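Participant: Taken in order, the sequence shown gives residues 34 to 135; the numbers are from my numbering.
It is worth saying that the hints were derived from the structure and are not from the lab.
The structure presented is a predicted model; accordingly, all values stated were derived computationally and were not measured.
Among the hints, a few may not be true.
Unchecked claim - Calculated lysine-lysine pairs in the DSSO-like style (CA-CA distance at most 27 Å, straight line):
#1 K93 with K49
#2 K73 with K132
#3 K133 with K93
#4 K84 with K73
#5 K73 with K49
#6 K133 with K49
#7 K86 with K73
#8 K133 with K73
#9 K93 with K73
#10 K92 with K49
#11 K84 with K49
#12 K93 with K132
#13 K73 with K92
#14 K49 with K86
#15 K49 with K132
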Amino acid sequence: MSNFFKNLFGNQVDLKGIYERGAIILDVRSPEEYRTGHIKGSVNIPLDLLKTKIPDLQKKNRPVITCCRSGARSGMAKTLIASVGLEVYNGGSWDNLEKKIQ
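Using the sequences and the hints given, assemble the complete structure.
Facilitator: Below is the structure:
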């Protein structure tokens, strides 16, 4: 039965622990959205520019936690970043992620 719930709800990831290990918080919203509020210390790379910035993330050699407004763009960003072999997690919406890592 527990596999049923894992498949339904996904595994719970300790985002706070990953953040405390030095993860990069990557906000993939537009610069305008980012200016309206964001996680202190996060990096803003809009989703449409992310592909060109992946080499910069690879050089940092740190886990990445993606976020956006609702979790949709951050999910796309996670897929893109994972395709190059980086450790990456979808943090969902930036304001919910902020609460999880405090």
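Participant: Decide, hint by hint, whether the structure agrees.
Facilitator: Verification of the supplied hints:
1. K93 with K49: 19 Å, holds
2. K73 with K132: 12 Å, holds
3. K133 with K93: 23 Å, holds
4. K84 with K73: 23 Å, holds
5. K73 with K49: 14 Å, holds
6. K133 with K49: Holds - the C-alpha atoms of K49 and K133 are around 6 Å apart, at most 27 Å.
7. K86 with K73: Measuring from Cα to Cα gives roughly 20 Å; hence the hint holds.
8. K133 with K73: Status holds; Cα separation ~14 Å.
9. K93 with K73: Holds, at about 19 Å.
10. K92 with K49: 23 Å, holds
11. K84 with K49: 26 Å, holds
12. K93 with K132: Answer holds: K93 to K132 is near 25 Å, not above 27 Å.
13. K73 with K92: Within the cut-off at roughly 22 Å; holds.
14. K49 with K86: 25 Å, holds
15. K49 with K132: Judged against 27 Å, a Cα distance of about 9 Å means the pair holds.
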